[in-house]
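K.L.:
In order, the protein sequences belong to chains A and B. Count along the first sequence from 1, then add 157; that gives the number in my numbering. Count along the second sequence from 1, then add 157; that gives the number in my numbering.
The set of hints was computed from the structure by calculation and includes no laboratory data. Hints are supplied without guarantee of correctness; some may be wrong.
Copies of one chain are not kept apart here, so a pair can be met inside one copy or by any two copies together.
List of simulated lysine-lysine pairs, DSS-like, C-alpha gap at most 30 Å [said to hold, decoys possible]:
#, residue 1, residue 2
1, K287, K312
2, K372, K382
3, K236, K372
4, K369, K422
5, K422, K305
6, K462, K372
7, K470, K389
Number of protein chains: 2
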Amino acid sequence: MKRRYLLTPGPSPVPSVIREAISQEIMHHRTDEFIQILQEVNEGLKYIFCTKNPVIIFASSGTGAMEASVSNFFSPNDKVVIIVGGKFGERWLEIAKSFGLQPLVMQIEPGFAPSTNELKKILQDNPDTKGVFTTLTETSTATVFDIKSIAALTKDKNILLLVDAISGLIQDQLLTDEWGVDVVVSASQKGFMLPPGLSFICINKKAESFLKNSKLPKYYFDLDKALKAYQKNDTPFTPAVSLIMGLKKSIELIKNEGLENLWEKYKKMSLATQAAAKALGLEVFSKNPSSSVTAIVSPSGLNAKDIVKKLRKEYGISIAAGQGELEQRIFRIAHMGWINEQDLIMCFSLLEKVLKSLGYKFNLGASLVALQKSFYE
Amino acid sequence: MKRRYLLTPGPSPVPSVIREAISQEIMHHRTDEFIQILQEVNEGLKYIFCTKNPVIIFASSGTGAMEASVSNFFSPNDKVVIIVGGKFGERWLEIAKSFGLQPLVMQIEPGFAPSTNELKKILQDNPDTKGVFTTLTETSTATVFDIKSIAALTKDKNILLLVDAISGLIQDQLLTDEWGVDVVVSASQKGFMLPPGLSFICINKKAESFLKNSKLPKYYFDLDKALKAYQKNDTPFTPAVSLIMGLKKSIELIKNEGLENLWEKYKKMSLATQAAAKALGLEVFSKNPSSSVTAIVSPSGLNAKDIVKKLRKEYGISIAAGQGELEQRIFRIAHMGWINEQDLIMCFSLLEKVLKSLGYKFNLGASLVALQKSFYE
Numbered sequence: 158m159k160r161r162y163l164l165t166p167g168p169s170p171v172p173s174v175i176r177e178a179i180s181q182e183i184m185h186h187r188t189d190e191f192i193q194i195l196q197e198v199n200e201g202l203k204y205i206f207c208t209k210n211p212v213i214i215f216a217s218s219g220t221g222a223m224e225a226s227v228s229n230f231f232s233p234n235d236k237v238v239i240i241v242g243g244k245f246g247e248r249w250l251e252i253a254k255s256f257g258l259q260p261l262v263m264q265i266e267p268g269f270a271p272s273t274n275e276l277k278k279i280l281q282d283n284p285d286t287k288g289v290f291t292t293l294t295e296t297s298t299a300t301v302f303d304i305k306s307i308a309a310l311t312k313d314k315n316i317l318l319l320v321d322a323i324s325g326l327i328q329d330q331l332l333t334d335e336w337g338v339d340v341v342v343s344a345s346q347k348g349f350m351l352p353p354g355l356s357f358i359c360i361n362k363k364a365e366s367f368l369k370n371s372k373l374p375k376y377y378f379d380l381d382k383a384l385k386a387y388q389k390n391d392t393p394f395t396p397a398v399s400l401i402m403g404l405k406k407s408i409e410l411i412k413n414e415g416l417e418n419l420w421e422k423y424k425k426m427s428l429a430t431q432a433a434a435k436a437l438g439l440e441v442f443s444k445n446p447s448s449s450v451t452a453i454v455s456p457s458g459l460n461a462k463d464i465v466k467k468l469r470k471e472y473g474i475s476i477a478a479g480q481g482e483l484e485q486r487i488f489r490i491a492h493m494g495w496i497n498e499q500d501l502i503m504c505f506s507l508l509e510k511v512l513k514s515l516g517y518k519f520n521l522g523a524s525l526v527a528l529q530k531s532f533y534e
Numbered sequence: 158m159k160r161r162y163l164l165t166p167g168p169s170p171v172p173s174v175i176r177e178a179i180s181q182e183i184m185h186h187r188t189d190e191f192i193q194i195l196q197e198v199n200e201g202l203k204y205i206f207c208t209k210n211p212v213i214i215f216a217s218s219g220t221g222a223m224e225a226s227v228s229n230f231f232s233p234n235d236k237v238v239i240i241v242g243g244k245f246g247e248r249w250l251e252i253a254k255s256f257g258l259q260p261l262v263m264q265i266e267p268g269f270a271p272s273t274n275e276l277k278k279i280l281q282d283n284p285d286t287k288g289v290f291t292t293l294t295e296t297s298t299a300t301v302f303d304i305k306s307i308a309a310l311t312k313d314k315n316i317l318l319l320v321d322a323i324s325g326l327i328q329d330q331l332l333t334d335e336w337g338v339d340v341v342v343s344a345s346q347k348g349f350m351l352p353p354g355l356s357f358i359c360i361n362k363k364a365e366s367f368l369k370n371s372k373l374p375k376y377y378f379d380l381d382k383a384l385k386a387y388q389k390n391d392t393p394f395t396p397a398v399s400l401i402m403g404l405k406k407s408i409e410l411i412k413n414e415g416l417e418n419l420w421e422k423y424k425k426m427s428l429a430t431q432a433a434a435k436a437l438g439l440e441v442f443s444k445n446p447s448s449s450v451t452a453i454v455s456p457s458g459l460n461a462k463d464i465v466k467k468l469r470k471e472y473g474i475s476i477a478a479g480q481g482e483l484e485q486r487i488f489r490i491a492h493m494g495w496i497n498e499q500d501l502i503m504c505f506s507l508l509e510k511v512l513k514s515l516g517y518k519f520n521l522g523a524s525l526v527a528l529q530k531s532f533y534e
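So here's chain A without its partners, still in its complex pose (with noise of 0.2 Å):
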């Protein structure tokens, strides 16, 4: 009879209308229906993108909508600037060099978002880059970066500004279009509140003018077959239908309640998580704290993948231990998707009671308090 509760940074819970919306009888593909069913989905995906270009959808998890993002605008040797500032950084960077690109670093300390003046300085000294690959939260380090700055940058030049918002789109802000971000990649099992298997990619037509000069082989993902096939409301592959379905209806939940009303929320979300670890005497890790994470500095002394399997083995809550280098130092609770202010009461009430157990010495019920306060006052 233990419940399982689940605050990871995706998958994020599923909400059971849109398992049942899934779980439908299977429809095939190339019927009016179905057709019907994209092309509703294909606008929602534009209110969701804060956007007037298309968004294709791939069968895939969001790596393959990145891969996309490399693969379809650049050729072998183009400069391009990559932003690392954690894993998710890091994953462009590991595309990137797959691909045969020539990657520029622009590493950022963990937990920092990046500097506009640096980026300003290194798009200056290399008038022949590209492209500029960043992320809107850097989920591996729970920090939110200053898209709007950075794209001002690459907005009226010949360079893309990528941006992986797969954890972040919903939560975080992003005008796509009035920003002038070229390219937004995001995947459904975030804010989506979707199960893992469909990634997306918006483009707008900068990027669109991109696509004919680059010479990397793709096939899968082909973003100049998927957009003919988009202006009919089709794939050029067979689509994941099932998900496809549930997206219908994840699209209609997160439009009927606004998407400025989430960001809203969310950010309301941060700000309790951050006040609750404050409460505990714990340190909030990033320096610019995502609406999407939080991460949260483990007590010296105590390794944060004991509090993370803790929490799960014992009381079946999932919350994320840091990755890479970070992975003993930090834990991190999301509040994105479907999560809402009680999970974090009772993620925050087993996570009381796991420090304790671990010897750590905090006054009981302070976390809940800051909770109640930041959600209530």
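Use these hints to put chain B onto chain A, whose structure you have.
P.N.:
Frame of chain A, contents of chain B only:
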């Protein structure tokens, strides 16, 4: 209240027990519980692929695993033979071209299986051939290829045999290890009775030895990375958790029936479908019909697309028209996965109704009598 019936060669119907498995509460993929599921699924896939070697799962449609078969084992300008007997042979060719291989096309007349002698000669004339790409079941013509004889030509040479078994697996026999097939690709939405969104690729030791020499770029479909994760029952990127929970159930169903029994069952359904077509005075298109799907030539003067459209619009039955040049000439009825004898009875009952309404002359009920005799005599 119109009921819908799906007899298309993918997506094929998904049984409710699988739809329930898919709609379970989502779980995190880095938990003991999910690792346990992956372990079970990995073992089960070996059974279904008739192999002792790893079967890698990608979150993608089948074309993703086809791309992986090109990008992981070969390098630009590698000479490969591609057996093209329809749309899915053409897909191998398109992918090989996209990745800069040097493909030699062995063109097969639609509806025919490849001649092993002709292939033998091609391989003799081209001793620098590095791979042979072919199809178990060419869905577009409903033709099964003799993979055993083809494998006999490549087995003891330094040539990889790569088989697209997306539509055929589970219905058409494929003894991967026994015949010496090096790479087998499949996907979730056919014999596996799952929604689309998972692809599979089975790799033997000979194929593994080709990995290190490949100079093509890859990342999402990188098999070296996938195999390393596989050893730990892990995946390099977020797996399609819910579809994999469904796959566990699918494997259970298939194991309970037994592969030998299933091959027998679908073979019988194929023969029954052929008999039913003939009883209506119609021609079976393929000279070597598959156990997965049957292609029937539309009566002269009738457009196959009209038959398919009428069945779908008026009676909710989805079968498939031809593809490409065969679009108006043939229609295709699938007998794969969850589709059973009663579905065929129901389908032919309405097919007769539609043919009659279009003015085609035959004895009403003739196809049903033929089915009954095939099934129960």
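K.L.:
Confirm or reject each hint.
P.N.:
How the hints compare with the structure:
no.	hint	verdict
1	K287 / K312	within (12 Å within a copy, 46 Å between copies)
2	K372 / K382	both (15 Å within a copy, 24 Å between copies)
3	K236 / K372	both (14 Å within a copy, 21 Å between copies)
4	K369 / K422	neither (41 Å within a copy, 49 Å between copies)
5	K422 / K305	within (21 Å within a copy, 60 Å between copies)
6	K462 / K372	neither (44 Å within a copy, 39 Å between copies)
7	K470 / K389	between (49 Å within a copy, 20 Å between copies)
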